[in-house]
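K.L.:
Based on the hints, put chain F in the right spot on chain B.
Protein chains in written order, with the working numbering: chain B, 1 to 226; chain F, 1 to 226.
One should not assume that every hint holds.
Unchecked claim - If you want the footprint, here are the derived chain B segments under chain F, 3+ residues with CB under 8 angstroms: (1) 33-41; (2) 59-67; (3) 116-124; (4) 143-155; (5) 163-173.
Simulated from the structure, these hints should not be mistaken for lab results. Note that the Cβ used here is the ideal one computed from N, Cα and C, for glycine as well.
2 protein chains.
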Amino acid sequence: MKIPVVQRILSANDQIAAENRARFDAAGVFVLNVMASPGAGKTSLILATVPRLLPEVQVGVIEGDVASTIDADRIAAAGIPVVQINTGGSCHLDAPMVRSALEQLPLAGLNLLFVENVGNLICPAEFRLGAHLAVVLSSVPEGHDKPYKYPGIFTGADVVLLNKVDLLPHFDFDVEYFRRGLEALHSDIPFFLISCRTGEGMQKWVQWLLQRRGKNSEPQRKTQNA
Amino acid sequence: MKIPVVQRILSANDQIAAENRARFDAAGVFVLNVMASPGAGKTSLILATVPRLLPEVQVGVIEGDVASTIDADRIAAAGIPVVQINTGGSCHLDAPMVRSALEQLPLAGLNLLFVENVGNLICPAEFRLGAHLAVVLSSVPEGHDKPYKYPGIFTGADVVLLNKVDLLPHFDFDVEYFRRGLEALHSDIPFFLISCRTGEGMQKWVQWLLQRRGKNSEPQRKTQNA
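Chain B on its own, in the form it takes in the complex:
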């Protein structure tokens, strides 16, 4: 007797994430899900990346926060189209929240969309949004042990950025220890050292991002982590 095997059924969130992805692809918009601890520099990453993409790449932003419009105000002040999601206490963005935000952020005219997740190094990893790229941002003041202590979010990352490297002289931070922790989770993870404040390393990151965006138009390279 053959036992019937039911294929993995998409959760409600994953179902809506797939619908989001289809909308992004139809509109030709490449989408990044940016995840990090509170204060790692997610908004600063967006503000430092966008001017290096303009004018060829038109960028929009969805800001996720438990409360306040502080981050969205910073993005708007830079003249970038932005929608703020307040989760009202929830510790992560989910696919329905992103779908709602899209009602107020027309994809037409955009080529790239940053979704800044809630500051949290654990929960956001478990909720796909429909993005093409899972970006995990760590920062020097947080310490070099983060990949060892929070393996889930680093395992799901498509790229890892280490921010605030201009502060390395002021911290006992061993970059190789951090890198080894990362590579123990997956050996070929793209990893960039950056400083959003000084601009160090930004050119390499932006160059990689543009290449990765180009490759995404080849269907077989699409990722499913974000």
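P.N.:
Relative to chain B, chain F alone:
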């Protein structure tokens, strides 16, 4: 007709938190639930506080992490009794986890217990452990907007510490803006500026902690947030 009103029924977690609290009180152990973002310096706070309490106050530690024993190893290396809880992915400690840890950390002989929660500025606020004091630790590199963006955890705090103040010259951090955000949530919150690295501010914090511990033996001052 009088409508019957059912008193708030304790959740399973709150029920076990109350049992934990009863055990702590019976043993005469004052318990701190230390909550913060990843890398804010929770372990460093414990390591900087304990030597200032010894030998009058005997201290134990429960370390909560998603994975690894990195923090517990640091505590053990300092000769402090410690138990590591690995949550296996969960984003916060809960009361049953603390109860389990107590099986391996005899309360007899201890006067004070630090419970270091998982690095997360959102979820731990929602799970009482049975502690007497909810300690929220923020740090200068995270930025001065944290009370505005993560109001839940700051609202539930009994005391807030701002760590890494030795780095203030390297950051655009407005202490008064941070303080105003905090006081908007509750006006009389005890607030200390500290540096676990240089020792700045530690004496005031420890003095306050010892006073607060003394007051807790007066039953009417017991708090319920932690």
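K.L.:
Are 3 or more residues of the region 59-67 of chain B near chain F, judged by a Cβ distance of less than 8 angstroms?
P.N.:
holds (count 3)
K.L.:
Between the region 163-173 of chain B and chain F, are there enough contacts, at least three residues with CB-CB distance under 8 angstroms, for the coverage claim to hold?
P.N.:
The restraint on the region 163-173 of chain B holds, since 3 of its residues have a Cβ under 8 angstroms from chain F and three suffice.
K.L.:
Count residues of the region 33-41 of chain B with a Cβ under 8 angstroms from any Cβ of chain F, then say if the count reaches three.
P.N.:
Per the Cβ count (3), the hint holds.
K.L.:
Mind checking, does the region 116-124 of chain B have 3 or more residues with a CB under 8 angstroms from chain F?
P.N.:
holds (count 6)
K.L.:
Please check whether the region 143-155 of chain B has three or more residues whose CB lies within less than 8 angstroms of a CB on chain F.
P.N.:
holds (count 8)
The structure shown violates none of the earlier numbered hints.
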